[in-house]
Amino acid sequence: MRTALPRRLLLAALTVLLVVTATFAALHLVPGEPVRLFLGPAADPATVAATRHALGLDRPLPVQYVEWLTRFATGRWGTSIAQQRPVSAVLGDALGPTLLLVGASLLLTYLGGTLVGAWQAARRSSRADAAVTAATAVLYALPSYVVALGLVAVFAYGAALWRWPPILRFPAFGATGLGADLLPPGSRLADRLRHLALPVATLAIVGVAGTARFVRGAVVGALRQPYVRAARAKGLRESRVLLRHALRNSLGPVLALFGLQLPALFSGVVFVESIFAWPGLGRVTVQAVLARDYPVVMASTAVFAVLVVAGNLLADALAALADPRRGRPA
Amino acid sequence: MSARGGLLVAAWSDPKARTGAVLLAVLVVAAVAGPLALAHPASGFADVVARRFAGPLSRTPDGVWHVLGTDRFGRDVLARLLLGARISLAVGVLAALVSTAVGVGAGALAGYAGGATDRAIVAVTDAALAIPRVPFLLLLVALVEPGAAVTVLALGVTGWMTVARLVRSEVRSLAVREFVQAARALGVPPLRVLLAHVLPNALTPALVAAALGVGSAIMLEAGLSFLGLGVQPPLSSWGSMIASGRDALMIAPWVSLAPAAAVALVVLAFSWIADAMESAIAGGRGA
Numbered sequence: 000m001r002t003a004l005p006r007r008l009l010l011a012a013l014t015v016l017l018v019v020t021a022t023f024a025a026l027h028l029v030p031g032e033p034v035r036l037f038l039g040p041a042a043d044p045a046t047v048a049a050t051r052h053a054l055g056l057d058r059p060l061p062v063q064y065v066e067w068l069t070r071f072a073t074g075r076w077g078t079s080i081a082q083q084r085p086v087s088a089v090l091g092d093a094l095g096p097t098l099l100l101v102g103a104s105l106l107l108t109y110l111g112g113t114l115v116g117a118w119q120a121a122r123r124s125s126r127a128d129a130a131v132t133a134a135t136a137v138l139y140a141l142p143s144y145v146v147a148l149g150l151v152a153v154f155a156y157g158a159a160l161w162r163w164p165p166i167l168r169f170p171a172f173g174a175t176g177l178g179a180d181l182l183p184p185g186s187r188l189a190d191r192l193r194h195l196a197l198p199v200a201t202l203a204i205v206g207v208a209g210t211a212r213f214v215r216g217a218v219v220g221a222l223r224q225p226y227v228r229a230a231r232a233k234g235l236r237e238s239r240v241l242l243r244h245a246l247r248n249s250l251g252p253v254l255a256l257f258g259l260q261l262p263a264l265f266s267g268v269v270f271v272e273s274i275f276a277w278p279g280l281g282r283v284t285v286q287a288v289l290a291r292d293y294p295v296v297m298a299s300t301a302v303f304a305v306l307v308v309a310g311n312l313l314a315d316a317l318a319a320l321a322d323p324r325r326g327r328p329a
Numbered sequence: 000m001s002a003r004g005g006l007l008v009a010a011w012s013d014p015k016a017r018t019g020a021v022l023l024a025v026l027v028v029a030a031v032a033g034p035l036a037l038a039h040p041a042s043g044f045a046d047v048v049a050r051r052f053a054g055p056l057s058r059t060p061d062g063v064w065h066v067l068g069t070d071r072f073g074r075d076v077l078a079r080l081l082l083g084a085r086i087s088l089a090v091g092v093l094a095a096l097v098s099t100a101v102g103v104g105a106g107a108l109a110g111y112a113g114g115a116t117d118r119a120i121v122a123v124t125d126a127a128l129a130i131p132r133v134p135f136l137l138l139l140v141a142l143v144e145p146g147a148a149v150t151v152l153a154l155g156v157t158g159w160m161t162v163a164r165l166v167r168s169e170v171r172s173l174a175v176r177e178f179v180q181a182a183r184a185l186g187v188p189p190l191r192v193l194l195a196h197v198l199p200n201a202l203t204p205a206l207v208a209a210a211l212g213v214g215s216a217i218m219l220e221a222g223l224s225f226l227g228l229g230v231q232p233p234l235s236s237w238g239s240m241i242a243s244g245r246d247a248l249m250i251a252p253w254v255s256l257a258p259a260a261a262v263a264l265v266v267l268a269f270s271w272i273a274d275a276m277e278s279a280i281a282g283g284r285g286a
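These protein sequence lines map, in sequence, to chains A and B.
With numbering that gives the first Met the number 0, letter number 58 in the first sequence gets 57, and the count goes up by one each step, no holes.
With numbering that gives the first Met the number 0, letter number 64 in the second sequence gets 63, and the count goes up by one each step, no holes.
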């Protein structure tokens, strides 16, 4: 993990190149003809040929590959077949909601996960610790779409059915309510936050479960280190030993976990956005797949990879901040 | 050989792993035998209105008991759950086999060849690990007609990286050991050294990754089928069952809950087994 920045940047660039190449290869190497899937079995050969020409699929592969790379690098991703507007506009509209969803759930995941994990480590091997460990194991095994449906059942349908107070009822669809634009700014913000609640809770529940398991392990491991014994020997209070010494030194591995969890988080985003009709990249991708809107599917896959790579670089930077020894040549 | 046998014995001594193994064994037997044994048909359209949405542990007017209730078409949820188990388990296990095979191949090649081959495979593995799996799976299923075979292949080619890393590092450390050097010195051809001497000893950690891989493949298959992009009707997997109960969540939650619980239990069972194997390996090394 202790690799220098140039190598990390190189790997990041390589990852993006690999994904862009893989999307290209997938489109061209998969048996059968995607254009026919899009046009349907009744399409006549002339229409197929015209569509292939319009998409540039009738030119030599190396030419198409170079063209695809340059177009990707310069942001000209073509036109969405289903929506008849530029792919960059379709994905641009979806990027903000996804970043909001991911950012909010990451914040909750790491705050919650660190708190629960450190709390467990402080009372390790107690009955409460064992119970929380069992609970996080179950939550971590639950697919995000199952958690999402459970939250919808309780906090959207159930809350209405059981006449819960309005504060406990949450909308299950979309990013804003009907006519949200007409509300005064304060209510508009409240409306957005209420729409954000269930999707973020879904991702955060699964995320907290996974992170808490990891933090607990890291802190319990740190508590066995000689510097913890030294801290105790100087007479520091146990809470200070835990927070300033054990937890502080566990932050490095926890931040490294961030980079590993990010791909899984973006996978969860796809399901959560589809269930909650959240107008983000995941929902756009699923709809594009169902509509066989290839330009959108290819570009959004690449954008997902770029987001993960950017997140990984961010995690590296944060890890270097948390542990000044990192990043220096060993 | 005996090392891996020992690993399974050590894993068996862990109560959670035992629970997981028993759970999976019961499920496999039930998935194979259950649909044959259940008297009532899993799908039938006779008198749908009278039979639909019967609660768990209730009897429909035609006198048939439904342990897990019925769905909107009056079909027995347990019978469908067991039929779905065949698809979900088969797709999960086959996908994990594909990804383990790819991972062992790539890891063995990288670890044994070394040099530029090694660096290239490591770079591709690292890059592939950073790709979010579900969006890439969506791309793959978008390009072909979705179906069970496509799902297996797509899950297989997107899940090999962990196995590849583990096998690579095992092969690298084994390649310098005396028995491998001895085989080389005796003039055994390189490929045979790899296949007969190195690889059999390098597979233990890959077993852990493969066990986890089955769990995550089942979870992802259910997710794809939930979105309508995995196994297609008339076949149904747990994911499509969860989706089919989605709009009856309040009047008949069991239709979605039963397959959701099944997915979670199977994923848990595989992670318990993998955990036990992992600590057995760590214990064997640490001692």
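The set of hints was computed from the structure by calculation and includes no laboratory data.
Quantities reported herein were computed from a predicted structural model and do not represent experimental measurements.
Quick reminder that beta carbons are idealized off the backbone N, C-alpha and C, glycines included.
Any given hint could be a false lead.
Unchecked claim - Think about it this way: if two alpha-carbon atoms lie no more than 25 Å apart in a straight line, the pair counts; the simulated SDA-like pairs of lysine to any residue are:
1. B/Lys15 with A/Ala133
2. A/Lys233 with A/His244
3. B/Lys15 with A/Trp118
4. B/Lys15 with A/Ala134
5. B/Lys15 with A/Ala127
6. B/Lys15 with A/Phe213
7. B/Lys15 with A/Leu320
What the hints assert, rightly or not - Interface residues of chain A toward chain B, partial, derived using beta-carbon atoms under 7 Å:
8. Leu17
9. Thr20
10. Ala25
11. Leu60
12. Leu141
13. Tyr144
14. Ala152
15. Tyr156
16. Pro262
17. Phe265
18. Val269
19. Phe270
20. Val288
21. Phe303
22. Val308
Of the numbered hints stated earlier in the document, which are not met by this structure? 7, 9, 11
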